[in-house]
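K.L.:
Now for the letters of each chain:
There are 2 protein chains.
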Amino acid sequence: MYYLGVDVGGMSIKAGVCTQNGDIIARGTVETRVYDETYSISLDIHAAIVAAIANSELTINDISAIGIGQPGSVDSKGGIIRYSNNIALTNVPVVAELKEFYPTLPIFINNDANCAALGEALFGSGKGFQNLVFITLGTGVGSGIIIDGKLFEGRDCAGAEAGHTVIIKDGNQCNCGRRGCWETYASASALIRQTKVAMDKFPMSVMHNIAKEEGKVSGKTAFIAAKVGDFGGITVVNNYVNYISEGLINLANIFRPDVIIIGGGISHEGVYLTDKLNALMQDLNFGAKYNPSVKVVTATLSNDAGLLGAASLCF
Amino acid sequence: MYYLGVDVGGMSIKAGVCTQNGDIIARGTVETRVYDETYSISLDIHAAIVAAIANSELTINDISAIGIGQPGSVDSKGGIIRYSNNIALTNVPVVAELKEFYPTLPIFINNDANCAALGEALFGSGKGFQNLVFITLGTGVGSGIIIDGKLFEGRDCAGAEAGHTVIIKDGNQCNCGRRGCWETYASASALIRQTKVAMDKFPMSVMHNIAKEEGKVSGKTAFIAAKVGDFGGITVVNNYVNYISEGLINLANIFRPDVIIIGGGISHEGVYLTDKLNALMQDLNFGAKYNPSVKVVTATLSNDAGLLGAASLCF
Numbered sequence: 033m034y035y036l037g038v039d040v041g042g043m044s045i046k047a048g049v050c051t052q053n054g055d056i057i058a059r060g061t062v063e064t065r066v067y068d069e070t071y072s073i074s075l076d077i078h079a080a081i082v083a084a085i086a087n088s089e090l091t092i093n094d095i096s097a098i099g100i101g102q103p104g105s106v107d108s109k110g111g112i113i114r115y116s117n118n119i120a121l122t123n124v125p126v127v128a129e130l131k132e133f134y135p136t137l138p139i140f141i142n143n144d145a146n147c148a149a150l151g152e153a154l155f156g157s158g159k160g161f162q163n164l165v166f167i168t169l170g171t172g173v174g175s176g177i178i179i180d181g182k183l184f185e186g187r188d189c190a191g192a193e194a195g196h197t198v199i200i201k202d203g204n205q206c207n208c209g210r211r212g213c214w215e216t217y218a219s220a221s222a223l224i225r226q227t228k229v230a231m232d233k234f235p236m237s238v239m240h241n242i243a244k245e246e247g248k249v250s251g252k253t254a255f256i257a258a259k260v261g262d263f264g265g266i267t268v269v270n271n272y273v274n275y276i277s278e279g280l281i282n283l284a285n286i287f288r289p290d291v292i293i294i295g296g297g298i299s300h301e302g303v304y305l306t307d308k309l310n311a312l313m314q315d316l317n318f319g320a321k322y323n324p325s326v327k328v329v330t331a332t333l334s335n336d337a338g339l340l341g342a343a344s345l346c347f
Numbered sequence: 033m034y035y036l037g038v039d040v041g042g043m044s045i046k047a048g049v050c051t052q053n054g055d056i057i058a059r060g061t062v063e064t065r066v067y068d069e070t071y072s073i074s075l076d077i078h079a080a081i082v083a084a085i086a087n088s089e090l091t092i093n094d095i096s097a098i099g100i101g102q103p104g105s106v107d108s109k110g111g112i113i114r115y116s117n118n119i120a121l122t123n124v125p126v127v128a129e130l131k132e133f134y135p136t137l138p139i140f141i142n143n144d145a146n147c148a149a150l151g152e153a154l155f156g157s158g159k160g161f162q163n164l165v166f167i168t169l170g171t172g173v174g175s176g177i178i179i180d181g182k183l184f185e186g187r188d189c190a191g192a193e194a195g196h197t198v199i200i201k202d203g204n205q206c207n208c209g210r211r212g213c214w215e216t217y218a219s220a221s222a223l224i225r226q227t228k229v230a231m232d233k234f235p236m237s238v239m240h241n242i243a244k245e246e247g248k249v250s251g252k253t254a255f256i257a258a259k260v261g262d263f264g265g266i267t268v269v270n271n272y273v274n275y276i277s278e279g280l281i282n283l284a285n286i287f288r289p290d291v292i293i294i295g296g297g298i299s300h301e302g303v304y305l306t307d308k309l310n311a312l313m314q315d316l317n318f319g320a321k322y323n324p325s326v327k328v329v330t331a332t333l334s335n336d337a338g339l340l341g342a343a344s345l346c347f
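So the sequences go chain by chain: A and B.
The opening residue of the first sequence carries number 33 in the numbering used here; numbering runs sequentially from there.
The opening residue of the second sequence carries number 33 in the numbering used here; numbering runs sequentially from there.
The shape of chain A in the complex, shown without the other chains (with noise of 0.2 Å):
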């Protein structure tokens, strides 16, 4: 049995031929663009597919159903992404549309993070924890719940958006219309703001040089400076760290996870970035000395997490 995930994100849109053991066999990738009445995302989903069917040697007909993972508000039920601020889009009744190419195949749609907390659940860092919160850390900040062993998608399915929490009133304008979002300050994108600010006022810095030479100031840059010990390079990412922990110690006080996965291109700095997590984590959540702790790990499954869970989606 063989089930197609596709992983809707800022950037591209991915799709694998997967088996209910957390393999992917083949893929297939395109760029994600700018959508409208007059061309919908579900074609460009569709040519995810196409492409990911022609790198396998099977066809259609081994595939025996679809999940999608789309950033946003995502009604499951009905198949319809109700509202995206990343990727803008609304009410767009995606799985009707998919369904004009593929009749007979059962269609499954969620939240990206959502299955991406499914995927690391099933194959990651979460197998065999039973409440677990999933954190992306990319274009916005995803988040996923899992509260004993079972997706908790918030009534209409419109819940787990801590992303679009607050943790500095008046702060950050979010592109959800709030101020002060957890998204503005703990992305990927948010990390680049930030290192880009820290440029300007660290002439000197190494991360100059990093950039020059990945061509552009990326999620890594900081990082990297720090790493070597770099002064704004430091400062960037204590202070992006900071930011981390103050969504992440918020959900602990909220959920106490048996675990707390980050994802997302961030999440590849593993330890170095999970040790300072940790590290605040233990000293401030609540009732810290007497109350179970929260471990804070990252995904195992890399980029793979989203795709293997809207594959699973369909299991």
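A couple of the hints might just be wrong.
The list cannot tell twin chains apart, which means a pair is met if one copy fits it or any two copies do.
The calculated lysine-lysine pairs, modelled on DSBU-like cross-linking and capped at a C-alpha distance of 35 Å, are [to be verified]:
id	residue 1	residue 2
1	K308	K109
2	K228	K131
3	K159	K259
4	K159	K233
5	K159	K182
6	K182	K327
7	K244	K109
Rather than coming from a laboratory, the hints here were simulated on the basis of the structure.
Being a predicted model, the structure only gives us computed values, none of them experimental.
Position chain B relative to chain A; hints supplied.
P.N.:
Chain B alone, transformed into the frame defined by chain A:
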């Protein structure tokens, strides 16, 4: 069948003899004091229970079980107060201590806001809803969360501490150890502090007269002033409502419940309070135009939600 509900608060410990229908047929109260190794809070809980039974026409033999609502982190399985910040307590084995007085009675304990959430869900504003968040604005900000009709406690009952989520990073010092916790801005104690600051700033405000008449600055002072159009009072109330709303919208985005219920002394402001909160909620929850709305209402059981909910632990 009669059940004893006990609601432990920062000012007093209230006990009530309750029926399964939510009637409180007799009450007993003792003042909360400072507790240490020489005098356990269990003794005052016992005293409140004795007073309640003395005020009924019953004896202890008519009581089927005892339920206790206690602020802070409570190990509901082990019957232990693990950590409370407002009434300073750590690792108090309350259930074992009370068993000395009531060896044959089942004794249950849970977080006070969890109890109030249960009380409102069973007998108050939450009746008929399967998913609700209850917030109590008192000495601190407590929260109780009901998901699919079941109390959500987090691992080892140490979750659901929404009062200790930071809404202003590096803000007010909270006695939990963090800075900027919602509790330090949205509790009744915070409102009183905010009112005092505004009274210093607005020497001509009617708040001075109101406080003089009341004998003190209370959680009502600014609300009374605002309702007669006093500029200082309006400023305090608007800021305070904004602080409350930041946390409420955070919780709506995470849980997307059917309803958010406000309890505690401040909830007596009724629709004057909830109209303002609902307007902010309506505009600012994530994907507000596309997602199901979340309504904010006040508790209908007033101060009895905690007591009845504590009793309902026995049902």
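K.L.:
Under the constraints set out in the numbered hints, which ones does this structure not fulfil?
P.N.:
2, 4, 7
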